Amino acid sequence: MTINMVAHGINTVWVLLAAALVFFMEAGFAMLEAGFIRAKNSLNIIMKVLIDCCSGLLGYWLIGFGLMYGVDKLGIFGTSGFLAKSAMSNLPWLAQFGLPVEVYWMFQAAFAVAVATIVSGAVAERMKFLPYMIFSFMATAFIYPIAGHLIWNPGGIFYKMGMLDFAGSAAVHAVGGWASLAAVIVLGPRIGKYKKDGTANVIPAHSMPLAALGAFILWFGWFGFNPGSALNAFGQGGSIAHVVVATNLAAAAGGLLSALFTQVKYGKVDASMTINGALAGLVAITAGCAYVSLTSAVIIGAIAGVLVVVAVETIDKFRADDPVGAIAVHGVCGSFGALAVGLFASKAVNSSGANGLFSGGGLHLLGVQALGLVTVSVWAFGTTFILFKIMKAIVGIRIGRDEEIEGTDMSEHGMRAYAQTTIDDGIVMEDDGGNSFKFESKAETFKQ
Amino acid sequence: MTINMVAHGINTVWVLLAAALVFFMEAGFAMLEAGFIRAKNSLNIIMKVLIDCCSGLLGYWLIGFGLMYGVDKLGIFGTSGFLAKSAMSNLPWLAQFGLPVEVYWMFQAAFAVAVATIVSGAVAERMKFLPYMIFSFMATAFIYPIAGHLIWNPGGIFYKMGMLDFAGSAAVHAVGGWASLAAVIVLGPRIGKYKKDGTANVIPAHSMPLAALGAFILWFGWFGFNPGSALNAFGQGGSIAHVVVATNLAAAAGGLLSALFTQVKYGKVDASMTINGALAGLVAITAGCAYVSLTSAVIIGAIAGVLVVVAVETIDKFRADDPVGAIAVHGVCGSFGALAVGLFASKAVNSSGANGLFSGGGLHLLGVQALGLVTVSVWAFGTTFILFKIMKAIVGIRIGRDEEIEGTDMSEHGMRAYAQTTIDDGIVMEDDGGNSFKFESKAETFKQ
Amino acid sequence: MTINMVAHGINTVWVLLAAALVFFMEAGFAMLEAGFIRAKNSLNIIMKVLIDCCSGLLGYWLIGFGLMYGVDKLGIFGTSGFLAKSAMSNLPWLAQFGLPVEVYWMFQAAFAVAVATIVSGAVAERMKFLPYMIFSFMATAFIYPIAGHLIWNPGGIFYKMGMLDFAGSAAVHAVGGWASLAAVIVLGPRIGKYKKDGTANVIPAHSMPLAALGAFILWFGWFGFNPGSALNAFGQGGSIAHVVVATNLAAAAGGLLSALFTQVKYGKVDASMTINGALAGLVAITAGCAYVSLTSAVIIGAIAGVLVVVAVETIDKFRADDPVGAIAVHGVCGSFGALAVGLFASKAVNSSGANGLFSGGGLHLLGVQALGLVTVSVWAFGTTFILFKIMKAIVGIRIGRDEEIEGTDMSEHGMRAYAQTTIDDGIVMEDDGGNSFKFESKAETFKQ
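Residue numbers (the working numbering), protein chains in the order written: chain F, 211 to 658; chain Z, 211 to 658; chain P, 211 to 658.
Because the hints were derived from the structure by calculation, they are not lab data.
The structure displayed is predicted, hence computed values, not measured ones.
Errors might be hidden in some of the hints.
[To be verified] Among the chain Z residues that face chain P by a calculated CB cut under 8 Å, a handful are:
1. 267
2. 364
3. 367
[Unchecked claim] Here are the simulated lysine-lysine pairs, DSSO-like style, with alpha carbons at most 30 Å apart:
4. F:599 / F:283
5. Z:478 / F:602
6. Z:602 / P:403
7. P:403 / P:283
8. F:475 / P:602
9. P:403 / F:478
10. F:602 / Z:475
11. P:478 / Z:403
12. Z:602 / P:602
13. F:599 / Z:478
Even glycine gets a Cβ: it sits at the ideal position worked out from N, Cα and C.
Generate the whole structure from the sequences, applying the supplied hints.
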């Protein structure tokens, strides 16, 4: 055993465990989204997240990974690495860090699944299941991989320009967020969400504990998402130590500022906004976590925490009905995070990076960040818009009015998320002695 | 510090963290099982899982580990290693990978607890708590360790024959699943589950979000369960990189196929089945994850995803009342997974393994797998059957009819999983000023 | 790359992942506490835990870490390391294990947040949000850091005396527990909790599944909390292998003994107590996990499992209203755990430690443990008491009577944890065609 082999073993373990953490974020998304919407649609959204894991992993394995990380063509797409079989010698970091292709695939696949899942929240409570499956496959096989290629493939256009997007404020979050906006526009708002005068009805979260659990799981997953993106344990290209602290401080600042801002604005600490504020901080620092100082991380997180509140309100004014705030959190704050690198990046923090505007680097980096961000955002918005339009024309994307009123859980899965599970459930049962009887509860107050 | 010491440090950290992930699967089991059954029994089942952790860890420490991994006697049981104290020089991999006995114990103990917990789901809604505690102790101290010894102890009969069961489709899942079948047969079905004509009443899941959360946690835990079984980070005996991808692709294929199969069969994507399909894929790939190609992993997972649906229906026809599908997921798909190694294993994937039927290895490996599988399955079924019969005769295993109708939460623990927690809960309270009053809610719609 | 660099890479990955596990315990605390209390206050308590993460991380970053681990002054407080910027050469283990300051900060910060969160449970259902935020900041910036300095800073008074508190039964749990007692005394009991004769009304847990999920997450987090405190993977100062097993066996013994003890005492296995029993075992072994034998760990856990039941009842008799048992679990069992080191510690287990009374070390270690424990307990109790008194006088700490009856979720956040999410929710909506209508459910039994 050589020293390098040992070092490679560490990197392998590290990235594998980081992949596990990122994958576990699917549980977080599922609970967050289910909690934020009505009970009658909560099972359906969880199933959509689960199907992201299933068809998403397969789509990324069959096609997506190759398009994203295969040997570059035209700076836009890859042509090898399908089925995670190739040695991927075009990715120098695999040899440098001694990462097996399969571990690298696993980490990247968890990211791909996350992009699809971001959209699941925005289209909640009204989208059919089967077209969602198609979208989920396309997002992981095609839409996200091209965006990722542009930024993260060594041959990608923006990679070559020097765009810095450490763990994907642009490549993952902005892509997911702006795809969400396109989906929501084609799909239209939920019945009853907006009045004729454009003002919105509040449709309450059915379980805030579930939503908060989801947020905690997501935060936990970010311990893999951001530092795992270093792909090694030895500080090459970005110190995992710095990244993890920057990530956590930004989240803390985001949550705190959302709490304080809503306290001032509404007179109470808004629970949903505080949850989304912490997530906004996480999303916004995702691009810059390796490139900005801890103080800058706090500032970025704090701005995101206010921005997300303003964004949620603004998006609602445009009647873009996003039940969980995915566009605000991922689209707006992801975009902000990508741009923030152009402002706050400092070679004093990470010599592999570049100086942003505030570190004397001028407007160059900011320009590159903006160009890359706008391109992948337009790409994600455009392809999703077209895909949804096509699906709408051919198979239909929206459930019927009666089904929407009754809820997607019944219409799409034939069951409810929460059964009336008291024993006096009105079902006349026949026991194995052939006696017919109807259960009746002795405990009358027992209603779940 | 030498290179070997450093390598051993990595292996130690890796197996310890994998053990944590496997242990966390207990949370997954608890939520999955609780969600799939009625609210009135949901606390009881969670308590059974918690008690698995308690008496199971102690049982495996006192007795089980020694029986399973101690110095072999007759190819059947071990005679050293009790209390995790011995150096265990009979296990060559401990020295090879530099694993402290205690870390190895922790990883194995989490597996032992899982076996007991598989059964907790099958006996849900009708089994008494104290005999369950006895079973849980016996399963981790005796039933599982002997089965595990046969397959995984270097002196075990099937280990010597060359049986390949990387992380335990047979040793863990088939054992747990067929023990569940025995338990269910002795215990009998829940009141009202079957009509005289043999057809089943549907008893709905009380909380699908909880069940799905459990499934996500289980999937997350499998990032430790399967790759952790390599016991090292350096690809010796099985590459953790390959294992983790095979595991995830099989899960994805299992979930996707269950979704599509139920869509075709029932006209809707069945939520419970899709959840169980993903788990079926995980269970089925557990034996072969290090020995089969990624494409084979997808095929194995896909077959398991269909198989589990058929199995659930078939088991119900035989009036074996398994409220959570444990027999189908763990017994049937675990057995399939163990056999699938005999079909799909390829030395091209893992030179430490063997070739299965489809790789030109003929029927030899398949025969060994079948022999080992049948033996441990009969062992698990038989010992559980006898233990349940003895407990039935002496202490009783089933709660009374009235208690079953009211629910095990009240009969066994004197409380409900979900309290009527509105403030107008009918309780007349006396405050500290001595005034007697009854709370009344101002918000009449507030019912949880 | 040198061998040392590689070893340092492992330690860095290990401590970072341990930090993630400890941080994830916040999800555990949130779910445990929310589940144990009434639904009407469950969102508020979750928000308090979330705000601990936010203002706590920032407070520990700005001030707390420096006070705790900076260059020592008078044995009481630190004077460097603020903003996690200094190289911290006063902490010899950072250089020895090659830990970046930032990773060390992250691990320690997760501990600081936990201390504040322990108190959140005790003050549940009646404390205002904004003074809680102040407390949370002060606890992580000031109260805990000083206590931690005394025990864990190389210049701290009790560190120099040889106090052994591996992962903080005293420094974390006793501090959090006795701070809770002070908070509860100033705050007073919930309306209706105690009758004039001093006996207590039972206020039921609104969701035991949520509470149990929290406990499982906490147990999972302890895989980082205790072994992570070794700060290295190579057994220097304490073997992570031994620590993880001792920790799990103590938890198992705690849970089992609580179950058996309540079975004997009440005739049923008490669910809340069994959950708290497992946690009590974890808390009690936290000081000694690296210093006592596995058998001693089982004994310590078992004693804690009984002690917590007795403590909960005793504390209730003194009308200290602690809705989740935080004082019993963390205060009483943390104190017991710190003292138990003085009894059970053995140099045969860890030569870096000392012998306790039962290993022939006489009363010296027990005396040191007691002195350190009493000091930090009095410190935590006293400062919290004073802080709560000051806040009570200036901003008020308790919500009004009507608000308490309606619930803190409404009074503090203007929303409920669980919405009435049936579709016939009484809201008259106006759709985008301008039609006014009121949803009515077709499924009349659908009430969540």
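Practice problem: Against chain P, run the beta carbon of residue 367 of chain Z and see if the smallest gap drops under 8 Å. | Solution: This interface hint is violated because 29 Å lies over the 8 Å limit.
Self-check item: Given hint residue 478 of chain F paired with residue 403 of chain P - CA-CA distance at most 30 Å
Solution: Answer holds: residue 403 of chain P to residue 478 of chain F is near 27 Å, not above 30 Å.
Practice problem: Given the hint that residue 475 of chain F pairs with residue 602 of chain P, test it: the Cα-Cα distance must not exceed 30 Å. | Solution: Cα-Cα ~25 Å, so holds.
Quiz item: Is the straight-line distance between the alpha-carbon of residue 602 of chain Z and that of residue 602 of chain P 30 Å or less?
Solution: Not OK: residue 602 of chain Z and residue 602 of chain P at ~60 Å, beyond 30 Å, violated.
Quiz item: Does the structure keep residue 478 of chain P and residue 403 of chain Z at a Cα separation of 30 Å or less?
Solution: Roughly 27 Å separates the two Cα atoms, so the pair holds.
Quiz item: Under the criterion that the straight-line Cα-Cα distance not exceed 30 Å, is the pair residue 478 of chain Z, residue 602 of chain F satisfied?
Solution: holds (20 Å)
Quiz item: Within 30 Å, alpha carbon to alpha carbon, are residue 602 of chain Z and residue 403 of chain P?
Solution: violated (42 Å)
Exercise. Please work out if residue 403 of chain P and residue 283 of chain P have their alpha carbons no farther apart than 30 Å.
Key: Answer violated: residue 403 of chain P to residue 283 of chain P is near 45 Å, above 30 Å.
Quiz item: Does the alpha-carbon distance linking residue 599 of chain F and residue 283 of chain F stay inside the 30 Å limit?
Solution: Distance ~29 Å between residue 599 of chain F and residue 283 of chain F Cα, so the pair holds.
Self-check item: Supplied contact hint for residue 364 of chain Z, tested at 8 Å Cβ to chain P
Solution: violated (21 Å)
Quiz prompt | residue 599 of chain F paired with residue 478 of chain Z [C-alpha distance capped at 30 Å] | solution = The hint holds at about 24 Å.
Quiz prompt | Pair hint outcome, residue 602 of chain F versus residue 475 of chain Z [Cα-Cα no greater than 30 Å] | solution = holds (25 Å)
In terms of the numbered hints stated before, the structure departs from hints 2, 3, 6, 7, 12, listed from lowest to highest.
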